[in-house]
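Undergrad: If you want the building blocks of each chain, they are given just below.
2 protein chains.
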Amino acid sequence: MNKGLLIVLSGPSGVGKGTVCSVLRKKMPDLVYSVSATTRSPRQGEIDGVNYFFKTREQFQEMMACDALLEHAEYVGNCYGTPRDFVERTLAGGQDVILEIEVQGALKVKEKFPEGVFIFLVPPSLDELKQRITGRGTETQDTINHRMTVAEEEMNLLSHYDYAVVNDEIEAACHRIESIITAEHCKASKYLAELGELPAAIEKA
Amino acid sequence: MNKGLLIVLSGPSGVGKGTVCSVLRKKMPDLVYSVSATTRSPRQGEIDGVNYFFKTREQFQEMMACDALLEHAEYVGNCYGTPRDFVERTLAGGQDVILEIEVQGALKVKEKFPEGVFIFLVPPSLDELKQRITGRGTETQDTINHRMTVAEEEMNLLSHYDYAVVNDEIEAACHRIESIITAEHCKASKYLAELGELPAAIEKA
Numbered sequence: 001m002n003k004g005l006l007i008v009l010s011g012p013s014g015v016g017k018g019t020v021c022s023v024l025r026k027k028m029p030d031l032v033y034s035v036s037a038t039t040r041s042p043r044q045g046e047i048d049g050v051n052y053f054f055k056t057r058e059q060f061q062e063m064m065a066c067d068a069l070l071e072h073a074e075y076v077g078n079c080y081g082t083p084r085d086f087v088e089r090t091l092a093g094g095q096d097v098i099l100e101i102e103v104q105g106a107l108k109v110k111e112k113f114p115e116g117v118f119i120f121l122v123p124p125s126l127d128e129l130k131q132r133i134t135g136r137g138t139e140t141q142d143t144i145n146h147r148m149t150v151a152e153e154e155m156n157l158l159s160h161y162d163y164a165v166v167n168d169e170i171e172a173a174c175h176r177i178e179s180i181i182t183a184e185h186c187k188a189s190k191y192l193a194e195l196g197e198l199p200a201a202i203e204k205a
Numbered sequence: 001m002n003k004g005l006l007i008v009l010s011g012p013s014g015v016g017k018g019t020v021c022s023v024l025r026k027k028m029p030d031l032v033y034s035v036s037a038t039t040r041s042p043r044q045g046e047i048d049g050v051n052y053f054f055k056t057r058e059q060f061q062e063m064m065a066c067d068a069l070l071e072h073a074e075y076v077g078n079c080y081g082t083p084r085d086f087v088e089r090t091l092a093g094g095q096d097v098i099l100e101i102e103v104q105g106a107l108k109v110k111e112k113f114p115e116g117v118f119i120f121l122v123p124p125s126l127d128e129l130k131q132r133i134t135g136r137g138t139e140t141q142d143t144i145n146h147r148m149t150v151a152e153e154e155m156n157l158l159s160h161y162d163y164a165v166v167n168d169e170i171e172a173a174c175h176r177i178e179s180i181i182t183a184e185h186c187k188a189s190k191y192l193a194e195l196g197e198l199p200a201a202i203e204k205a
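Top to bottom, those sequences are chains G and Z.
The opening residue of the first sequence carries number 1 in full-length UniProt numbering; numbering runs sequentially from there.
The opening residue of the second sequence carries number 1 in full-length UniProt numbering; numbering runs sequentially from there.
Hints listed in this document are in silico derivations from the structure and should not be mistaken for laboratory results.
Quantities reported herein were computed from a predicted structural model and do not represent experimental measurements.
Listed below are the simulated DSSO-like cross-link pairs for lysine-lysine, each with C-alpha atoms no more than 30 Å apart in a straight line:
no., chain 1, residue 1, chain 2, residue 2
1, Z, 26, Z, 187
2, Z, 187, G, 17
3, Z, 112, Z, 55
4, Z, 187, G, 112
5, G, 187, Z, 190
6, Z, 190, G, 17
7, Z, 108, Z, 190
8, G, 187, Z, 110
9, G, 190, Z, 130
10, G, 187, G, 112
11, Z, 27, G, 26
Residues from chain Z that face chain G, not an exhaustive set, calculated with beta carbons under 10 Å:
no., residue
12, 118
13, 158
14, 159
15, 162
16, 165
17, 177
18, 179
19, 180
20, 183
21, 187
Using N, Cα and C, we set each Cβ at its ideal position, and we do this for glycine too.
My request is simple: use the sequences and hints to build the entire structure.
TA: Pasting the structure below:
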């Protein structure tokens, strides 16, 4: 059984990770979405177990203590984490998994899964990013300013990623990510690993 | 002006490089095809300057002497080479170039263009490859046997390539190559190189 690919979709807060990820999942129904755990409050329309596993801080700390999280990070006062077991079982079963997480969490996943595919969603410009953060209409001015500072710092972490996908238009961004996943499945190293020893495979042919 | 990508499409003799390349060019009209020089005789339907620049051995040796070839290799008694000037000018002008060349030539290009995208077209199996070589109907039995031995040796060079694309079905193989080209344009290193210094780009935003 060939192991699935771990696709990590990240990028600065407000760049549109959630929207891109949800459109991508509709276009690629075989891609398994890793639902994160978080201590932040649900936004309107968000469903527990679908968008996030919403946890109290006590519950979250218990998961940390059991080493049940692949990564966890605090971001603007809330905790986010990736349940480890689900990701590992899905990859072992040969299915690709997509994680949509904050920049800090993605870099922690990279420490444990350097073979993952790390995609950084980039805003067309920082002005555009500010408009998106403001336009969400769910944050105070102080929060917006803080988020912009964090977003600018996060942009500087792009060099740790494999790919930079500009989110100029959602369909175009999704097409680029689909192409990246297809290309990663064609990596020569992956092909050789799946064949095992090439001479043996040739003998079988 | 962003530099174009050099896409090198190679693989064992008889795998279908020519067919895949010609379908790909119809699907991606912006991809500039690098026409190789060769001393081999034209096959039926091949046009000088379109499929190859057909050269005498003397003309070919003159190009080698002038350093006018990016790579050159002898293969089953014939010389093949890539005119250097055309490739370099096209890349500098921001267009992607595709080279469809034999395995030996591709590895020589890699020495000069390690930043190129090296794609190895793989047969579904060696039996399938033998059928394709035999089915072409233009070669003697000795030539077929020699080509099979060469093809098996060539398969062992796959590990020097970035991608392995199985040519099970032409449209599927072309879709994979299109995806690889799209993905390579999204490489974080390419994005950062094009931005120059990221902080400066942020200030401009």
